[in-house]
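2 protein chains.
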Amino acid sequence: MIGKSVPRVDAYDKVTGRAKFTDDLVPANCLVAKIYHAKIGNGIVKSIDTSKAEALDGVVKVVTFKDVPNHCYPTPGHPWSVELAHQDVADRNILTGRVRYYGDDIAAVVAEDEITAQRALRLIEVEYEEYPVEIHPRKSMYGSKPPIHLDKKDNVLVRSNYFIGNVEEGLKESETVIKRSYKTPIVQHCHIENPISCAYMENGRIIVVTSTQIPHIVRRVIGQALGIPWGKIRVIKPYIGGGFGNKQDVLYEPLNAFLTTQVGGRPVKLDITREETFCNTRTRHSIEYDLTAGVDSEGHLLAKDMLAISNQGAYASHGHAIAANGLTAWRLQYACPNIKGEAYTVYTNTPVGGAMRGYGIPQVCFAIECFMDDIAKEIGMDPLEFRKKNLIRGYYEDAYLKPIAANTNGIFECLEKGAEYIHWEEKRKEYANQTGNIRRGVGMSLFSYKTGVWPISLEIAGARMTLNQDGSVGLMLGATEIGQGADTVFSQMTAEVLNMDISDIHIQTVQDTDVTPFDTGAYASRQSFVTGTVVKDCANLLKEKILAYAKELLPEETRKLRLDHGWIMAGKDPAISLGNLALESYYSLGNSSVITAEVSEQVKKNTIATGCCFAEVEVDIKLGKIKILHIINVHDSGKLINPKLAEMQVQGGMSMGMGYGLSEQLILDEKTGRPLNGTLLDYKLMTMIDTPDIKADFVELDDPIGPFGNKALGEPPAIPGAPAIRNAVFHATGVAFNENPLTPQRLIDGFIRAGLI
Amino acid sequence: MIGKSVPRVDAYDKVTGRAKFTDDLVPANCLVAKIYHAKIGNGIVKSIDTSKAEALDGVVKVVTFKDVPNHCYPTPGHPWSVELAHQDVADRNILTGRVRYYGDDIAAVVAEDEITAQRALRLIEVEYEEYPVEIHPRKSMYGSKPPIHLDKKDNVLVRSNYFIGNVEEGLKESETVIKRSYKTPIVQHCHIENPISCAYMENGRIIVVTSTQIPHIVRRVIGQALGIPWGKIRVIKPYIGGGFGNKQDVLYEPLNAFLTTQVGGRPVKLDITREETFCNTRTRHSIEYDLTAGVDSEGHLLAKDMLAISNQGAYASHGHAIAANGLTAWRLQYACPNIKGEAYTVYTNTPVGGAMRGYGIPQVCFAIECFMDDIAKEIGMDPLEFRKKNLIRGYYEDAYLKPIAANTNGIFECLEKGAEYIHWEEKRKEYANQTGNIRRGVGMSLFSYKTGVWPISLEIAGARMTLNQDGSVGLMLGATEIGQGADTVFSQMTAEVLNMDISDIHIQTVQDTDVTPFDTGAYASRQSFVTGTVVKDCANLLKEKILAYAKELLPEETRKLRLDHGWIMAGKDPAISLGNLALESYYSLGNSSVITAEVSEQVKKNTIATGCCFAEVEVDIKLGKIKILHIINVHDSGKLINPKLAEMQVQGGMSMGMGYGLSEQLILDEKTGRPLNGTLLDYKLMTMIDTPDIKADFVELDDPIGPFGNKALGEPPAIPGAPAIRNAVFHATGVAFNENPLTPQRLIDGFIRAGLI
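So the protein sequences, as listed, match chains A and B. Counted the way full-length UniProt numbering counts, the first sequence spans residues 1 to 757. Counted the way full-length UniProt numbering counts, the second sequence spans residues 1 to 757.
I should point out that these hints are in silico values taken from the structure, not numbers from a laboratory. Treat each hint with caution, since some may be false.
No distinction is drawn between identical chains; accordingly, a pair holds when it is met within one copy or between any pair of copies.
What the hints assert, rightly or not - The calculated SDA-like cross-link candidates involving lysine to any residue, where the alpha carbons are at most 25 angstroms apart (straight line), are:
| hint | residue 1 | residue 2 |
| --- | --- | --- |
| 1 | Lys545 | Ser81 |
| 2 | Lys684 | Phe751 |
| 3 | Lys627 | Thr96 |
| 4 | Lys153 | Val603 |
| 5 | Lys389 | Ile192 |
| 6 | Lys46 | Thr672 |
| 7 | Lys671 | Asn591 |
| 8 | Lys172 | Asn677 |
| 9 | Lys20 | Val59 |
This structure is a prediction, so every number in the text was calculated from the model and none was measured.
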């Protein structure tokens, strides 16, 4: 089963429209909620008048920031910590009268239908006192009056740093010292399904059906936001239309939970628009990097120094974890005796940065991998050769990430495959000295990525399995299918251990905090690794129980029993069918006890995935247009559970990577921080037309750490595309762009500055 | 917690309308199905033309008996048996062309809405070949041409019998021999919510949301009916509006499951009408009894002989189990050296008899307890004294029910309480010699009732508990809340073992065969006894795990740890709160593992509940009207888990018992077997106006067998009312009515025959 490209278990239902998403589960009589968003970028609400809205026929309830419980809460999808110091920043309320960014949530309307709710919003009258808006972290970090959050006088959410060796000494010893600055844009996840939830009450408890990656965390955060015991909340997660990290944040679930309590527990649907999703959910942080490196005469890195300044926006969300993850990556890949890293995460009056596929690594990878090419150029070395010279060989050993031990490192094989596909050697030479308007280039980049969050944070997962009467197995997990194929992969793992057909594994796709085991959810590319470990252990436990029961049914049998596709085999002979064994376990008058297995387990390990992207581009200098001719990602993600699904993961990630490199950015109004292109018409997501043939390849080393030799694959594909394209453009034109995306405007500006136009 | 009248956990939701029943869960786009019922009482479908129905706009699918899978299946809510001989009779198909009773299911329509479905039914054209209709079992048992079921030439479904001692010898030795015949009517359960289900497909599996008492059995029977593996079916049971045994049968779930497969897995709702519920679901069997008894000169029973003939109707359903249960009761209560029992269950062309509260005992109790009064009258003894003389003293020991050992028997205390309440001694004398039109009388009856079905059939239950982050406990069962208060009682039991507040027990009321543990469901008054045993064991297991984890958190602690309302106590001191322990178990970086417990267990025991009813009536002879002046049930059901709920159970059961005695009967047309009064207007259910003040009392012996000293209470309250009323009328008027209900027409006929009018 492992390594087989079985079709997705949810393919048929998703293609035919049978699959049920949150909106499919909303009851017919559901009330509809809409949010009143601030029309200024910074300030306070001086007065709010909801009387006209309340008087509108069909309006059931209007609540404002004055009505909500006074419990600050954090929103990121992290496991809770029992240590105060490790708890996430709790800096927001369900609604606010202190507007911190354009669109902040001031009030909400609950009405009998959507049109009435929308009309009621227009009847709410608000007077503001406005403060100056600051959208740039390099300015905001020195403070504002008043500060964005009162307890943060300088608007710096967190600063962190580390030293390895002595960077200043290292730079002094270096033959060449290079300094560059890079910047990445704010982008948005653009999952198909906007955040939507439906909340109601049952037996004094609040039930929230929601499109989330992290139902168990949503439960906890609602409890914190409303100030009620977590057990009084139940969160149900059906199929979701993508998340990419945005739904690894607790978005409007606490508001919706609060609203149902205000209307006697009636069901309330809160289905935000695409425009609200752009402005009011989460984005990928824009981060600015100042990098310095020293290399010796042979091109070895002797010292490297990173300063990162991350634009958090108005609320903490995942906050500094993203910039910090970039700081860690600065250590992991390229060997260097002297390393320094420093990062600031800074509140500004912009939409909030949160988790997005790659969790800080797409940003830092853009900076590092552009920098690698810029250094190579400076010292006159082939950039691939320069990287190979400096890459860590063998397994990653990191002072801060001790549990990573003796994992496989396939980066060199990846680079070989990528270089071969793109014809690196020939094309680097062929395109070295071009003239004219149309020029071609090849570029590459590489990355490394941790699998899950241990030891920085908790890794725990749970699984429960039941032997059905027909010998099929029910599988329940707290881990979530978010479109990535988790249900299929976990079914394969179970079938593998139990040596069964996958059609006999019935996975419960809906997570329900009341009934499915505890798992922190889909993020950090953790599930096939962390939850996979627990699935394996649980399946082994179930197998043991089945075989033990078989021994009772076959008391004379002395041969070793094993499972084989619906049979208990004694040696080479079928002894009893699994179906008949199951029937006995349910219905025997002598000895019946239904066979189930449940495991809840901490997974105290990690392993590092790597990979690279190679791209060949054609640049039309006068049009400022990049055409990608060829592009490949090669991944070392250990053993692939399902190669076809893995390839699809990479294809999707590469599309994101290309968008990040070429076209995607959320543009904010300087005066208000308001998104100027927060619609799918104006925000330039890659479409079918923009997308070249993209190639995914793998180096399948059997990693000794993962449950089936597997390592992270969920997020990595989105990481290396943007810098590879930038480096290919650099190769084609000689112009080093230090900020993505490479839009026509940015390219033409650059080419004019470089004298090409 | 045990013995406390805590409010029902579902009270608030049910009173406010928040509680979700099947119809509340039907998706907005659901198709609607309607059934085409036969318009004859016996025969075959010669031709069926559905073309006009199919052509109707909005009709999605029409299926007939020709389209359904050819798998005969059984419908009763019994555990499956792995032994062929113990499996239920499989004698029906999803639809049929062989019409066996008026209203048999020939075809079904699926349409976009209910009106279209209804219209389409009228466009179906059917030609029949008719056979003679026989609705009386005493005639049908000698056969029909053709037989109702081809493999049963004499229309006898099952005959069973037993002998203890030698009845003929016993009768010879008797001073007095009495023979009487009794008959009970067909009645219907009249639960508020008609059977309703919604079926759809997901990932190649069929999901059925249905109003049932037995979700796990519904799953199995759908599998049998459709001929697909049972694991491919998922049954979800929300709150239901009563069942009383009718929903202990698998009714239209197989048809609905089949229909969704015929419309591409789209959701299909099948919501039958009250008229269909009367005609096409199940009824309480009409049973005729011929009883003979011999008593000695002191009034001791020396021999007793029972012949029971049960009218099964057109399909087997629970079949002979009901008549057989009556045969068993014939042995259990009154000591007698020579006993004979023989029962026939006979197919006829009538609506189908199935399980109904009391499962054959209301019928046999009517016969036996009328007979006891008739014997007492014959030998000139007070009927209460006669009973006391013959009742088994101490615990019940039965050759056929060996596992019942040393249970408590509170019948004498019950009789004492009942007699005292009704002023038996005084009133038997006071009313002895009345004349005139208005006469009063007191009567009584008693019964015994097994708790669950062991050892006749399997008893198995499952429970799963989870310690939530706030120290509250999630409780999942396969046992079902059907209005009786099961959720409350199981929450109390859990709170008792864990020494917690009941508000910290969050029971999962919805059963879902994919996720909730296996349990055969609500019937046989089994749940608080059988499932209660497993709940106790599971809670003890959870407690052990909590305390074991507490020991790890408190390594220095040497005192004995115990749970006390949210705290782990070490001796007399609080050591750690359960909430903090739970947080550690979820989130500790050192040692986290969520604490859950699951138990699936056979319960190989039984115990017998007893009780009695005493009634005082006033009879208006000329009007043929009975007024109940006082009525009391006194129950020995062991320890009461929740006295208030117990009282409510008794009140509801007594209402059913009074209806059975006074007014309820489903009247069938002699020529067709068609119900003539199958509506709530014409079928005379007891209403508020008809109901006197009713009194419930208990004798609470601490039974050593039940998990908390408790015995059956679900069904018993419905049993003794009818014969007590009949015996009171006998006392008042001297007229012995041998058939219930005592309608004005039956009374006046009897009084005319007796010369009173």
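Checked hints:
1. In this homomeric assembly, lysine 545 and serine 81 come within 25 angstroms of each other (Cα to Cα) only across copies, at 22 angstroms, whereas the closest approach inside a single copy is 34 angstroms.
2. Taking the shortest Cα distances, lysine 684 and phenylalanine 751 sit within 25 angstroms of each other inside one copy (22 angstroms), while across copies they are farther apart (93 angstroms).
3. In this homomeric assembly, lysine 627 and threonine 96 never come within 25 angstroms of each other (Cα to Cα): the closest approach is 46 angstroms inside a single copy and 67 angstroms across copies.
4. Taking the shortest Cα distances, lysine 153 and valine 603 never come within 25 angstroms of each other, neither inside one copy (39 angstroms) nor across copies (66 angstroms).
5. With identical chains, the CA atoms of lysine 389 and isoleucine 192 are never at most 25 angstroms apart, being 42 angstroms at best within one copy and 79 angstroms at best between copies.
6. When the C-alpha separation of lysine 46 and threonine 672 is checked against a cutoff of 25 angstroms, the pair qualifies only within one copy, where the shortest distance is 18 angstroms, while the shortest distance between copies is 79 angstroms.
7. When the C-alpha separation of lysine 671 and asparagine 591 is checked against a cutoff of 25 angstroms, the pair qualifies neither within a copy, at 75 angstroms, nor between copies, at 50 angstroms.
8. Proximity of lysine 172 and asparagine 677 under a CA criterion of 25 angstroms is satisfied in neither setting, with 46 angstroms inside one chain copy and 103 angstroms between copies.
9. In this assembly of identical chains, the alpha carbons of lysine 20 and valine 59 lie at most 25 angstroms apart only when taken from different copies (24 angstroms versus 29 angstroms within one copy).
When the structure is compared with the earlier hints, violations turn up for hints 3, 4, 5, 7 and 8 and for no others.
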